[in-house]
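For this one, chain A is given, so just place chain B on it according to the hints.
Spelled out from the first residue to the last, the chains are:
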Amino acid sequence: MSRRGIAATALAVTAALGLTACGSSDDEGGANTTAAEPVAGGTLKVAFFPDNPQFTCLDPFQTYWIEHRTVIRNVADSLTDQDPKTGEIKPWLAKSWEVSADGKEYTFHLRDGVTFSDGTKLDAAAVKANFDGAQGVVKETGGTAYGASYILGLDHSEVVDPLTVKVVFSAPNSSFLQASSTTNLAIISPDSYKKTAKERCLGQYVGSGAFTLESYKPNELTVLQKRPGYTWGSALSKNTGEAHLDRVEFSYVAEDSVRTGNLVSGAIDISWPRSPITVEDRELIKKSGGVIESRSLPGVASAYYPNASAGHVLSDLKVRQALYKGIDLATYAKTSFGDDYPVVGGAFDNTTPFYASQASKLAYDPDGAIKLLEEAGWKPGEGGYRYKDGKRLTIVFPTSSLSVSSELIQDQLKKVGIELKLDVHPPAELPALYKNGAYDLASSYFTRADPGALQFLLDPKYANSKALATNAAAPETTAKIQALFAKARETTDDAVRKQAYADLQALLIDEGVVFPQYERVQFAGVSKDVHGFAFTSESFLKLNDVWKQQ
Amino acid sequence: MTTSVVPETTGTEAPAAASAAAAAAAAAAAAAAAAPATAAPVAGAKPGAGGALLSERLIADSEPGGRWVGLRATARTLAVKPGFVLAVLFIAFVVVSAFAPGLFTSRDPYSTAPAERMDSPSLNHLFGTDELGRDLWTRMLYGSQLTIKAALIALGIAIVIGLALGVLSGLSGGFFDALLMRIVDVQLAIPVLLLSLAIVTALGFGTVPVAIAVGVGIMPAFARTTRAEVLRVKTLPFVEASRAGGASWPRVLLTHVLPNSCGPVAVLAVLDTGVAILYIASLSFLGFGAAPPQAEWGTLISAGRNYLVTAPWVSLLPGLFVAAVVLSLNHISKTIQERER
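As you go down the protein sequences, you meet chains A and B in turn. Position one of the first sequence corresponds to residue 0 (numbering that gives the first Met the number 0), numbered consecutively onward. Position one of the second sequence corresponds to residue 0 (numbering that gives the first Met the number 0), numbered consecutively onward.
What the hints contain is simulated information worked out from the structure, not anything from laboratory work. Incorrect hints may have been included.
Mimicking SDA-like on lysine to any residue, the simulated pairs with C-alpha atoms at most 20 Å apart in a straight line are [claimed, not checked]:
no.	chain 1	residue 1	chain 2	residue 2
1	A	K420	B	G205
2	A	K414	B	R106
3	A	K434	A	K414
4	A	K420	B	D107
5	A	K414	B	S105
6	A	K127	A	H108
7	A	K414	B	S119
8	A	K414	B	A114
9	A	K420	B	P108
10	A	K413	B	P108
11	A	K333	B	A112
12	A	K413	B	A290
13	A	K420	B	A290
14	A	K225	A	N238
15	A	K317	A	L506
16	A	K285	B	T309
17	A	K413	B	A114
18	A	K333	B	R106
19	A	K413	B	P113
20	A	K414	B	P108
21	A	K286	B	V308
22	A	K333	B	R116
23	A	K285	B	L307
24	A	K420	B	F204
25	A	K333	B	G132
26	A	K285	B	P311
27	A	K414	B	D107
28	A	K286	B	L307
29	A	K413	B	G132
30	A	K286	B	I152
31	A	K333	B	S119
32	A	K413	A	A362
33	A	K414	B	A112
34	A	K333	A	P272
Next up, chain A with everything else stripped away, as it sits in the complex:
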């Protein structure tokens, strides 16, 4: 094609884009909010972020990949449910429950008539089989199974009568009631626990949910079928009976722009990204008549965790404090995710129960950062960076993905003389790097509607990456963190719990253990034909009320 031809094509494309943009900008696609009568039937197509490459799993207890927790939420029910608005725990499979005065015994009274999709009864014995199975997995994996942090201190469970089950702890665990509402403690059939952990990961289990798992092809397609005869939905859904949809297909799409394109062109109904949809794509979806749904994911915010072990620059508290002052979180949120995006205010996202904002300590203050660095002995030198004993103030951040947003933080830190080195490696090399301590900052996040979620990152006993947890703080600080977690967990008094978590959140910033990066907001682009969209308390997708305009 000649040069003129290329120019002409480019012009035509631009013009076409401009025209479509003007053509459909009249309404904000509010169709989803109208209270039309739900229509039964249809296939809902959802596009996810790619499947977990290291650990493809759909087993409730072991899965931490948030997309798959959405799948599990619709396949398996839990003992309780959590209200997304208030954080209150509501009945579901359990009609009611009692907690003993010492906080060590939880007695659940189950709803009658609930069956798994293979026809077996969901009774006290089945629930006990689940807790026994979970304990087995924890033992098998040496405590690294993801669900381990949900049943800390669990001693045993016992069948009181066919519809009453008692869960007994060796030490009080005040976050257990919330844990019982999560996908991770969703109840699956006793037969499922006869399979190996690996078989369950590949979807060989049976739940009691409004959908059944038809097939799971890792990183390709997950298909759910409507469960006929379902009548025990949680009261938090409008529709407690059979699902409106016949079938749900979850596909995995790596490129954000492709996912958005699929939604706009009508190839999918819901686009479910991992990182927030860009401002530009949000506009595009709205212009196509779609709706943007969003909710902060409760739990640990996206944050950097330092390597504060001896010999690393971040072992100096002053440098860590300078790091807080050198990062402009407000500008970061605005530039990366748009004007109305919430600014992270501490180790947790703001939808986490017991959230206590630390925003005042995280304010941008480059002069303060420079002052702290001067005090710590880092003097300005070549290239605008700071040096001490001839060594440049370099913070190594190994990462597997080229994220343009980190380059903004890199540039912000350069202004106070800190070099943030974005060290790109293949994803498979990262765990070894962390293990060898060959990093200064590592980023992580984690979703659970309870502050206890952070134990999965920071408590060396339960952490996914032991190295990251051990290096994040000096041993005495780690001990303090563990003590505060224990204090919050082992009390039955909400006021004490609240205080302990508030102290914890303050400590994490004062001691420089967590460097928040951004609030994690779960976005979803929803086609105008989809109605009844709802987030669970953990910002997963709940399909009970969803129906599709035929």
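Same frame as chain A, but now just chain B:
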């Protein structure tokens, strides 16, 4: 394209017609040509030069019938081809920008300006700005620095190893030739991008590993071409004569075989610069390139791909720039190739 077949007007060239650069080169070469061995006809054995063989007299390179006359004629005919001139000028600009990007921009390629995020192209920002408000034109130029250098390293590796292997193989013949060529065969059977990916994964990420990977990947073509040329040249009568006259193989190699077989290799080199740039851009697109915030051309294209619909310039302008560079190189290579015939 106009395939202008200009007749060889070797006898009519006046020295004044040559460009200053060609004249300087001619003078230097004339001094080097003092060796008696160069009396043999050289450089593509042009029909006009063939007659010189009748005389034992040395011919100065700039004299009618000399080696540089053909080149000057070539330069003159090429200078009136606008496409070629444009391509050369553009490549010259890119190469200069690769070594001194500061000449064409006063901005810092790494300093962010969130307020100017995603500005569309304007006089202030020729290529617009990216999602952090960085000037894309500036980033493009600083990207040349990395990409062109990587391409030159890759080409250097490919030419040095390729020439060495090709000459060794062509001259030695027999088992050694067969062995080398079978190795090259195997390497040719593996897609270049795949081979480069494997090498860069083993070496680690960065501009130099990418350059090495691409260099090794495109090397077999050079070895093949060189070998073919060496096989052709080594049977020519003047080479045999030179051997018969007692010149050693290394001497014959350096004075006769290499200079006479490098023409097609030079064309291939220009053509493969474009190929190397494409591979380097592909590898950096996939995230194997320089560490951020540095950005090679491929990285720039990749960074903008999420905004292809909403802010197309972020990805398309760097993409068009790369396309223009490769197109220019192909055009230059093709034009030279036509002249060679």
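We went through each hint and held it up to the structure:
1. A:K420 to B:G205: Satisfied, since the Cα-Cα distance of roughly 13 Å is no more than 20 Å.
2. A:K414 to B:R106: holds, 16 Å
3. A:K434 to A:K414: Given that 20 Å is the threshold and the Cα spacing comes to 31 Å, the pair is violated.
4. A:K420 to B:D107: holds, 18 Å
5. A:K414 to B:S105: This hinted pair holds, its Cα atoms lying about 19 Å apart.
6. A:K127 to A:H108: Roughly 13 Å separates the two Cα atoms, so the pair holds.
7. A:K414 to B:S119: violated, 27 Å
8. A:K414 to B:A114: holds, 17 Å
9. A:K420 to B:P108: holds, 16 Å
10. A:K413 to B:P108: holds, 14 Å
11. A:K333 to B:A112: Holds, at about 12 Å.
12. A:K413 to B:A290: Given pair A:K413, B:A290 holds - Cα atoms ~16 Å apart, limit 20 Å.
13. A:K420 to B:A290: holds, 8 Å
14. A:K225 to A:N238: It holds: about 14 Å lies between the C-alpha atoms, which stays within 20 Å.
15. A:K317 to A:L506: Holds, at roughly 15 Å.
16. A:K285 to B:T309: Distance of about 13 Å is within 20 Å: holds.
17. A:K413 to B:A114: holds, 18 Å
18. A:K333 to B:R106: violated, 23 Å
19. A:K413 to B:P113: Measuring from Cα to Cα gives roughly 15 Å; hence the hint holds.
20. A:K414 to B:P108: Roughly 15 Å between the alpha carbons, so the hint for A:K414 and B:P108 holds.
21. A:K286 to B:V308: Answer holds: A:K286 to B:V308 is near 13 Å, not above 20 Å.
22. A:K333 to B:R116: Satisfied, since the Cα-Cα distance of roughly 10 Å is no more than 20 Å.
23. A:K285 to B:L307: With a Cα-Cα distance of about 17 Å, the restraint between A:K285 and B:L307 holds, given a limit of 20 Å.
24. A:K420 to B:F204: Distance of about 14 Å is within 20 Å: holds.
25. A:K333 to B:G132: Within the cut-off at roughly 12 Å; holds.
26. A:K285 to B:P311: Given pair A:K285, B:P311 holds - Cα atoms ~19 Å apart, limit 20 Å.
27. A:K414 to B:D107: Cα-Cα ~13 Å, so holds.
28. A:K286 to B:L307: holds, 16 Å
29. A:K413 to B:G132: The hint holds at about 16 Å.
30. A:K286 to B:I152: Distance ~48 Å between A:K286 and B:I152 Cα, so the pair is violated.
31. A:K333 to B:S119: holds, 19 Å
32. A:K413 to A:A362: holds, 17 Å
33. A:K414 to B:A112: holds, 13 Å
34. A:K333 to A:P272: Given pair A:K333, A:P272 holds - Cα atoms ~19 Å apart, limit 20 Å.
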